[in-house]
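Residue numbers (UniProt numbering), protein chains in the order written: chain R, 1 to 330; chain C, 1 to 330; chain P, 1 to 330; chain Y, 1 to 330.
Source of the hints: derived by calculation from the structure; they are not laboratory data.
These numbers come from a predicted model, not from an experiment.
Just so you know, even glycine gets a beta-carbon here, dropped at the ideal spot from N, CA and C.
Treat the hints with care, as some may be off.
[Unchecked claim] In silico DSS-like pairs for lysine-lysine, Cα to Cα no more than 27 Å straight-line:
hint	chain 1	residue 1	chain 2	residue 2
1	Y	Lys223	P	Lys99
2	Y	Lys223	R	Lys109
3	R	Lys143	R	Lys56
4	Y	Lys109	P	Lys223
5	R	Lys143	R	Lys99
6	P	Lys223	C	Lys99
7	R	Lys99	R	Lys56
8	C	Lys139	P	Lys223
9	P	Lys99	P	Lys139
10	C	Lys223	P	Lys56
11	C	Lys223	P	Lys143
12	C	Lys99	C	Lys143
13	Y	Lys99	R	Lys223
14	R	Lys223	Y	Lys327
15	R	Lys223	Y	Lys143
16	C	Lys143	C	Lys109
17	C	Lys99	Y	Lys99
18	P	Lys56	P	Lys99
19	R	Lys99	P	Lys56
20	Y	Lys99	Y	Lys56
21	R	Lys143	Y	Lys223
22	C	Lys223	R	Lys99
23	R	Lys99	R	Lys109
24	R	Lys223	C	Lys99
25	Y	Lys139	Y	Lys223
26	R	Lys99	Y	Lys99
27	Y	Lys143	Y	Lys109
28	P	Lys223	P	Lys143
[What the hints assert, rightly or not] Here chain R is said to cover these stretches of chain Y; the calculated rule only asks that three of the stretch's residues, wherever they fall, bring their Cβ under 8 Å from a Cβ of chain R:
hint	region
29	17 to 27
30	41 to 49
Protein chains: 4
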Amino acid sequence: MQIGMIGLGRMGGNIVRRLMRNGHTAAVYDRDERAVSALVTDGAVGAADIEDLLRKLTPPRVVWVMLPAGPITEGTIETLSGLLSAGDIIIDGGNTFWKDDIRRARWLKQRGVHYVDVGTSGGVWGLERGYCMMIGGEKEIVKRLDPIFSALAPGEGDISPTPGRDDRDGRDSRPTRGYLHAGPSGAGHFVKMIHNGIEYGLMQAYAEGFDILKNANSEALPKEERYNFDLTDIAETWRRGSVITSWLLDLTTAALTRDPQLGDYTGYVEDSGEGRWTIMAAIDEAVPADVLSAALYARFRSRRDHTFGEKILSAMRQGFGGHVEPKDRA
Amino acid sequence: MQIGMIGLGRMGGNIVRRLMRNGHTAAVYDRDERAVSALVTDGAVGAADIEDLLRKLTPPRVVWVMLPAGPITEGTIETLSGLLSAGDIIIDGGNTFWKDDIRRARWLKQRGVHYVDVGTSGGVWGLERGYCMMIGGEKEIVKRLDPIFSALAPGEGDISPTPGRDDRDGRDSRPTRGYLHAGPSGAGHFVKMIHNGIEYGLMQAYAEGFDILKNANSEALPKEERYNFDLTDIAETWRRGSVITSWLLDLTTAALTRDPQLGDYTGYVEDSGEGRWTIMAAIDEAVPADVLSAALYARFRSRRDHTFGEKILSAMRQGFGGHVEPKDRA
Amino acid sequence: MQIGMIGLGRMGGNIVRRLMRNGHTAAVYDRDERAVSALVTDGAVGAADIEDLLRKLTPPRVVWVMLPAGPITEGTIETLSGLLSAGDIIIDGGNTFWKDDIRRARWLKQRGVHYVDVGTSGGVWGLERGYCMMIGGEKEIVKRLDPIFSALAPGEGDISPTPGRDDRDGRDSRPTRGYLHAGPSGAGHFVKMIHNGIEYGLMQAYAEGFDILKNANSEALPKEERYNFDLTDIAETWRRGSVITSWLLDLTTAALTRDPQLGDYTGYVEDSGEGRWTIMAAIDEAVPADVLSAALYARFRSRRDHTFGEKILSAMRQGFGGHVEPKDRA
Amino acid sequence: MQIGMIGLGRMGGNIVRRLMRNGHTAAVYDRDERAVSALVTDGAVGAADIEDLLRKLTPPRVVWVMLPAGPITEGTIETLSGLLSAGDIIIDGGNTFWKDDIRRARWLKQRGVHYVDVGTSGGVWGLERGYCMMIGGEKEIVKRLDPIFSALAPGEGDISPTPGRDDRDGRDSRPTRGYLHAGPSGAGHFVKMIHNGIEYGLMQAYAEGFDILKNANSEALPKEERYNFDLTDIAETWRRGSVITSWLLDLTTAALTRDPQLGDYTGYVEDSGEGRWTIMAAIDEAVPADVLSAALYARFRSRRDHTFGEKILSAMRQGFGGHVEPKDRA
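Given these sequences and hints, build the entire structure.
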């Protein structure tokens with residue numbers, strides 16, 4: 001199949017590369033001309049702007065938008081909606097809020113344009129490992145795009161089959177190959193959102209565990225109860241046969257192997273929309289999400305020197321007990 | 001009654017003063033001679049050391065220990081146990097771990113010495129407002145000490161009676177006057193421990209609320225959804241007729257009135273044993289204590305620049321997504 | 001002043017009563033004719049429908065809407081907007097989401113109608129104690145309505161003044177009397193939202209503390225470390241001189257005095273929008289709100305028999321350890 | 001090597017089997033004679049009681065205790081200490097509290113008996129996959145036991161090597177083969193404890209995520225924002241190339257494949273000591289552990305119909321707002 005890609009960052013570029021490696025063709029556009037040139041070198045057709053890109057695609061056209069979620073993606077899709085024709089398809093592969101997908105799909109439908117939302121996991125490893133994809137949209141349209149999704153997905157690889165699952169029973173075989181038609185518009189990004197929410201929780205669980213190990217030789221402890229652990233070796237050991245093996249643990253082990261002090265990291269941790277939206281979805285559904293929330297808040301807190309709330313605490317403590325907090329950590 | 005007081009800090013000194021104001025007498029000792037002198041000026045009998053103190057008391061003697069919980073209190077009680085006679089009473093008014101009370105009471109009983117644990121709330125305000133006391137120990141002994149507890153307690157004051165409570169029905173009237181015989185040894189400190197655990201939770205609830213108000217004009221928000229709130233006026237308003245009126249809110253309001261920025265506080269917040277032991281008690285009982293734990297952890301976090309856990313998070317994020325966190329807050 | 005009140009439930013009816021007691025007049029409407037009749041008996045002018053209500057008010061008219069937040073309030077304000085004239089004022093005294101206030105105010109402004117949002121705390125006690133009010137809207141309009149707010153507010157009462165606050169210094173004296181012009185449209189409901197968010201946190205802190213006390217005689221504990229506490233007396237004691245005195249504690253004490261087992265309550269706990277929106281505001285601002293979230297989730301959980309998440313846990317435990325969970329609590 | 005095994009449950013029996021498969025010999029004892037017989041059939045030497053077991057071992061003897069942590073293990077080790085000679089070794093392979101290890105090791109050392117604590121992960125899968133082991137004790141003793149640990153460990157298997165780790169550099173190669181000498185006495189169980197603490201957090205993160213997916217078609221949501229997700233297919237998809245792949249996810253997928261409703265599970269979830277001790281260690285070190293605590297509390301809560309705390313909440317709500325909660329879920 002032929003695809004048009006708008007946005008050639010870390011994700012967009014490699015998606016095009018993986019498609020071309022699998023026999024698909026692509027026309028590509030990015031504001032950054034060098035990004036376009038790099039892909040042209042790899043075999044893509046370069047475009048000077050969006051209109052040019054659309055001219056280089058054969059109808060019905062498939063345009064994959066791989067840009068930062070929010071106004072940039074929104075604006076691009078608005079632009080596209082004015083240029084596309086009935087039967088064309090827009091794929092939003094970014095991290096869009098799923099309610100925006102519902103709104104957009106409804107609005108594009110009026111113009112006969114199809115809209116497919118794809119949540120993509122795999123990060124910088126996707127080019128080699130393949131992309132795990134969660135897809136929302138009309139059944140027929142998702143089916144029509146299958147050659148693309150199939151090429152991008154990791155495939156069965158050497159992942160051991162799930163006991164009891166046999167796709168020859170008539171089960172949808174796409175999940176076994178690493179992609180999913182999750183439901184109507186927004187469903188793809190919803191499932192990807194939850195994926196990231198879980199990711200935050202998993203990461204924070206490891207982070208707290210390693211933190212307790214690291215502080216096991218704290219001077220606040222009695223001398224005979226202190227340990228000076230080798231975190232690198234602990235992580236390595238847990239990779240083998242333990243209950244908590246995971247890809248995230250593999251990555252943690254690699255980082256600790258490079259530098260057990262993780263001296264290159266300040267401890268300032270960003271978060272993105274999905275972790276936040278996950279909490280909002282939980283609240284909308286009245287589902288308790290203590291762990292996923294705490295994981296998000298740990299990131300918020302990591303980015304502040306102190307909160308105003310902490311000053312409130314000290315002020316109360318002085319008020320009722322005359323406590324004067326020590327000067328801050330030097 | 002006559003009492004011997006060991007430890008003349010903020011709490012011990014004022015307890016003696018309040019007792020003397022109510023017609024009791026006291027012999028006092030502290031390592032710091034000036035603390036002793038100050039109380040002597042106020043009418044107490046000064047002692048040069050613990051043995052001297054005991055000589056100045058008429059048997060059966062009552063010795064109130066008001067020292068930092070832990071080794072200092074423990075050592076003092078060991079010393080006392082070697083000097084006291086059957087029938088004497090030790091009161092531990094500090095913030096002792098309740099399981100230590102159980103152990104000590106059992107051990108002192110073998111020597112005929114009685115042990116009473118008193119959890120005391122009221123802080124620097126106790127001299128004027130009276131001390132709210134939670135008491136553990138033998139029924140008869142606690143009764144014998146009633147003149148002391150009654151004098152220290154705040155009394156009914158102008159606190160409105162609880163609807164439906166009428167102590168003339170045969171109810172214990174001590175709670176209405178602000179003190180409680182909570183149960184056998186350790187019960188006083190157990191109840192005080194939970195009091196402080198709740199205190200942490202209440203404080204953190206206010207802290208988070210004011211934090212959200214404070215950040216309502218964050219530049220991360222759309223301009224038309226920002227507010228620049230006057231926290232001082234908000235706190236003052238809530239003191240009148242709202243559901244969240246409390247003494248802690250009164251103290252917060254006073255602090256915000258002095259300085260709405262709370263510029264004198266760094267945001268470094270100490271915690272003491274009771275908050276921690278509350279969580280341990282919850283875990284022993286398998287009672288979920290999400291709020292009390294989160295309140296404790298917020299204090300732990302306030303005292304660190306960054307946690308090692310946060311670096312673990314950044315290392316993972318770089319591992320799977322190539323994310324490089326921005327340099328830390330300047 | 002004259003006011004029109006739509007919605008004569010627990011809150012609306014008593015607001016009208018308190019206004020009339022203070023010399024104001026009111027025309028009133030409710031779908032429930034009996035509610036109207038009851039107020040007419042108390043001196044209000046009854047109306048048969050909204051149009052009738054508006055006819056009975058002298059321009060510029062002030063209409064206070066006191067209805068359940070959401071579609072009912074929204075629909076009523078839409079209806080009013082078609083009937084009111086330039087210069088009229090709508091007050092929304094319900095628990096509206098603050099972003100809806102911003103939207104409505106902007107839209108009503110185009111028709112020359114003023115919009116004031118009032119968050120009201122005080123519940124069933126407001127008639128006697130007065131209502132603590134947090135107000136958003138245009139400065140001049142809020143000022144014009146001052147006779148109403150001043151009459152509804154609790155006033156200084158016997159609340160002790162905040163040290164350091166002297167309204168004769170030129171400070172706004174309204175907070176000292178229990179009401180606040182918090183800022184432009186939405187600010188009133190925003191502050192009320194945070195008030196309720198804090199309320200959830202405070203309540204949960206008490207709830208967890210009493211839960212630990214209640215379970216201190218759990219059979220899972222060693223016999224010599226169990227206590228059988230009198231929660232009623234503990235609560236009563238804490239009302240006097242302790243750090244955790246509050247109105248919520250007063251209410252808890254009253255309930256425990258009626259029945260220490262709280263046998264009339266199932267433990268199923270509702271939540272309303274404010275607690276949820278508080279978390280969303282925290283997330284928008286990237287403010288960690290661990291305690292306020294945990295308090296909300298405890299309510300969510302209280303309303304479920306079991307979560308699906310808990311079944312997931314059991315399924316994993318069986319998967320890796322062969323653990324079979326006991327049959328559920330009988 | 002020759003080993004004596006006390007305790008032939010799920011873990012103990014399979015450990016013996018895996019050792020014998022690798023050329024080691026074993027004498028075995030269990031209170032349950034059938035468990036002994038089963039192992040004898042597999043090639044072990046059966047013993048009638050502990051004394052008999054010790055007679056069947058050649059000095060210096062190695063006795064592995066694989067019993068429920070707590071009084072049973074403690075009592076067995078006390079018995080052994082009276083029967084063993086200088087130079088003999090006790091291995092505690094159960095889930096013992098690490099501070100108990102420190103105490104025991106000190107006490108056994110006085111008798112010349114060595115003590116090794118081994119935390120073992122791998123559960124019912126260990127016989128085939130091997131056991132991930134975290135070991136505490138004297139360096140030389142752990143080394144002497146290496147043939148045993150090496151046989152039990154999973155080995156490198158087909159786990160991809162950690163980039164940057166090359167054991168030929170002089171690194172300890174045991175972690176790469178799935179076992180670890182973590183440090184002196186207690187270190188093994190400490191690291192295993194943290195392993196389980198992390199496990200709780202990971203499990204709860206998945207549980208909450210699937211719970212939100214499951215409730216995405218809740219009737220509380222607007223119709224056009226509901227999804228009816230296929231959790232089995234979602235889990236399967238995430239196993240391939242996503243960031244959250246893990247063994248726990250594999251197990252979850254298998255369970256959902258068997259029954260997407262997980263109808264065999266009530267949702268009542270046990271917890272064991274390690275999850276609790278992890279929190280206590282965090283508190284001792286003043287490390288915030290929000291996620292690991294929340295994961296533990298979710299299990300506590302799962303085992304109650306309602307908490308007393310929830311009744312406290314309802315009582316307050318009625319107190320200030322007249323709210324009457326609906327009857328409980330039918």
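Hints the structure fails to honour: Hints 4, 7, 10, 14, 18, 19, 20, 25, 26, 28, 29, 30 are the ones this structure does not satisfy, whereas the remaining hints hold.
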